[in-house]
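> In case you want the letters, here they are:
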Amino acid sequence: MVTVLLPSLLAHESGGRNRFELEAATVGEALRALPIRNLIFDEHDDLRRLVNVYVEGVDMRDRGGLEGRLAAGETIRIVAAVAGG
Amino acid sequence: MAVLVLAGTRKGLFLLHGDDARTRWELEGPLLTGWSIYHAILDRRDGAVYAAANNWVYGATVQRSDDLGRTWSRSEQLGLPEESGLKLEAAWHVEPGHESEPETLWLGGDPGVLFRSDDGGSAWEPVAGILEHPTRDRWHPGAGGLCCHSIQLDPGDANRLYVAISAAGAFRSDDRGETWTPVNSGVAADFLPEQDGPPEVGQCVHKLLLHPERPERLWQQNHCGVYRSDDRGDSWERLDGNGLPSGFGFGLALHPRRPDTAFVTPEEGAENRVTSDGRLGVYRTDDGGASWSLAAQGLPEPAWAAVLREGMASDDLDPAGIYLGTQGGSIFVSPTEGAGWIEAAANLPPVLSVEVARTA
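For the protein sequence lines, the chains are C and X, in the order given.
The first sequence runs 0 to 84 under numbering that gives the first Met the number 0.
The second sequence runs 0 to 359 under numbering that gives the first Met the number 0.
Okay, chain X solo, but in the shape it has when bound (with noise of 0.2 Å):
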């Protein structure tokens, strides 16, 4: 087996393929050149790539590779309706359906939308209950634009679905797309005008993600803190109290088999987006995020770095792999779950997100 990184940056699609020791690692790439990859990512069911691919003056789309980035072809029906009054600004995240739909996949975007795909990525619908979600008009744009970046898929069931849209919020779908309820419960919303405890909508959620063993526990990096759910996003509990320099940071990595174990890199805050106290610092919790601890051997100090919403990732392996992508173009990997940390590559354009896979 082999390990395949896949880094979406702004000038192109790279590759790094690595073994199973993670300590050596082979660059392949640009691909795709002249596109932004905001986010890439291989289909573990038949092994295909997406790319979320963005131009700015072609716009946005959805490239499909079957050979490992060799070829590419690129999704022939990707827009909003007119009636809508909105067009699509940009492709953001792309997430493989679930097992038992193995032409499905999703696509969030930006402003606030997200899609499906029923035939491979090649023609995309958009979800009519995020386009006309009761509470779109409570939602406003941040610096990525209303982008919808997280799509999170329970793995026992087909039905349940998360999304997050900065800032928006996060919404749940029990009934495979068709309705979405808030889930922001207890989540602050600093930034808007002051009210009677935490709104309805309007969040700023940085990142989301389900942990695969205990899928009814979600993990966010939001604008105002790091936050976890233990039931299904009814409710969130804050948690950056004890050991993070900063509740404010964009990357979140989950370990593959431990639901407790979570990995984030705070930043100074939303007005000095730089990596806190002048270090690359990953930070890690074993204790559901009751406590952090540093976990940054290897990484630059000093260092006013940037790890953007999709730029932390997790392999499967034993010890599980966390990676990490920097808008200064390096890849940091760390075979050891945090404990050790290599430069598997440096000097690439600015990344914008970092997926990693198994390969044959």
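One chain only, chain C, in its complex shape (with noise of 0.2 Å):
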């Protein structure tokens, strides 16, 4: 079993659930459980540019990206990039 969290925006779009457990084997498994997964991901399933995403704190680039492996217990964090204005 994971810990996803979301930010408040993507909360509010899942019934206001910010905190979903899961069982998933890699980040990007994970991920594509949710229920806000079209918000995430694109119409050709890439993780959109503005989604940062955080496992025990480290950036997921740094953990093998969606297809790094997640041991029971971690924690994802999403986090929208800062931008915008």
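Just so you know, these hints were derived from the structure itself, not from any lab.
In this text the structure is predicted, and so the values were computed from the model without any measurement.
The beta-carbon is built from N, C-alpha and C at its ideal position, and this holds for glycine as well.
Accuracy of the hints is not assured; some may be wrong.
[Said to hold, decoys possible] For each label pair, taking beta carbons as the anchor points, the in silico distance ranges come out as:
{"no.": "1", "chain 1": "C", "residue 1": "A24", "chain 2": "X", "residue 2": "E177", "range": "40 to 46 Å"}
{"no.": "2", "chain 1": "C", "residue 1": "R48", "chain 2": "X", "residue 2": "D45", "range": "34 to 40 Å"}
{"no.": "3", "chain 1": "X", "residue 1": "D19", "chain 2": "C", "residue 2": "A32", "range": "49 to 55 Å"}
{"no.": "4", "chain 1": "C", "residue 1": "D58", "chain 2": "X", "residue 2": "S99", "range": "49 to 55 Å"}
{"no.": "5", "chain 1": "X", "residue 1": "Q76", "chain 2": "C", "residue 2": "A24", "range": "23 to 29 Å"}
{"no.": "6", "chain 1": "C", "residue 1": "V81", "chain 2": "X", "residue 2": "S292", "range": "48 to 54 Å"}
{"no.": "7", "chain 1": "C", "residue 1": "A24", "chain 2": "X", "residue 2": "G141", "range": "43 to 49 Å"}
{"no.": "8", "chain 1": "C", "residue 1": "P6", "chain 2": "X", "residue 2": "E81", "range": "24 to 30 Å"}
{"no.": "9", "chain 1": "C", "residue 1": "A70", "chain 2": "X", "residue 2": "G46", "range": "48 to 54 Å"}
{"no.": "10", "chain 1": "X", "residue 1": "G84", "chain 2": "C", "residue 2": "P6", "range": "26 to 32 Å"}
{"no.": "11", "chain 1": "C", "residue 1": "A32", "chain 2": "X", "residue 2": "D45", "range": "31 to 37 Å"}
Two chains, two frames, some hints: make the complex.
Below you can see the structure in the form of structure tokens.
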């Protein structure tokens, strides 16, 4: 079991839930199980450019990206990049 | 009865509730916080509200509410096929389908794409006749992207509809959206290299509207002038030579019953996109665009405002109400067909779109 934490807009779009506990072997598997999957992945199943993902506080890019393996009890945090105006 | 104004803004959706006099307004919102609402509309067939919602991180979607904005559901499927090599950049305009197709909706988007939904806005399929249009390689994005911003249905013929894309031009379908004919004959595209007359496509339509009482009549506010067509877009007449300070502008509204009456908000020009002559000026024609007069009593002066392409609307009351939203965050209403204006809301985020509906 891993935990996924969502920022406020994604939590709102998930019916108010900002925390999901899932069975997932990889980061991608965990993210694709979320009800807001189509907000963080585009129509070609690419992670949107301004969506950052951290696993245990480490940028997932430094842990194998979407294919990175997860250990039981780890926490994934989705963070919107600093952007916009 | 009551009047509901849906104001899409860069920071959410606002609703303005008014009575039939349209002189007192109550503001509700923001709704859909975190989303830029490029356009929102109430579907008069079933009372649902649809919003073309965009977020710079999470992309484009369509939100639907069946309770006038208290709760929302997001479209489940919206995107472009991988083989197209394109991705959806923004959702621009939602148009409820023909009365005879109660579950059908249309959605215009960037990059120059049209979608159709047959399940009330949950799943959207790209319209191949636009996505794979043989002239697509001659379409060019403008400052707002390659946006499909205008979708107009012929109320008397469910087979016929129109779209306008900036800068690709206007297109007509006579077979429910299967195939699309460019309808830009006589419409200038001065920003393109000099050629022998206007091109087949590539025009920068800023807004296209069909008159519901005379559906063969179309109006467009273009990058290069104001135009009217009386033959379903087969030919266009340029109209901005008599009384308009400029042919450039974005906003366009039509009188609901009088096909010769239209309203525009001219701007100085493409390189200085502020209202003409340092005032927020609405101009009205009652003779099909042969002449125009200023209809700005109650509008601010001096003012260097900007009204975007979805920023004008009209209701169907008598007298007709005309509505105007500015990038400065104001909503102006004229309950008297342009004879006088009141500021119904101020200090909103930049207004991207205005629509109006009647509610029980």
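> Evaluate each hint against the coordinates.
So, going through the hints one by one against the coordinates:
| no. | hint | in the structure |
| --- | --- | --- |
| 1 | C:A24 / X:E177: 40 to 46 Å | holds, 45 Å |
| 2 | C:R48 / X:D45: 34 to 40 Å | holds, 37 Å |
| 3 | X:D19 / C:A32: 49 to 55 Å | holds, 50 Å |
| 4 | C:D58 / X:S99: 49 to 55 Å | holds, 53 Å |
| 5 | X:Q76 / C:A24: 23 to 29 Å | holds, 26 Å |
| 6 | C:V81 / X:S292: 48 to 54 Å | holds, 49 Å |
| 7 | C:A24 / X:G141: 43 to 49 Å | holds, 46 Å |
| 8 | C:P6 / X:E81: 24 to 30 Å | holds, 28 Å |
| 9 | C:A70 / X:G46: 48 to 54 Å | holds, 50 Å |
| 10 | X:G84 / C:P6: 26 to 32 Å | holds, 31 Å |
| 11 | C:A32 / X:D45: 31 to 37 Å | holds, 33 Å |
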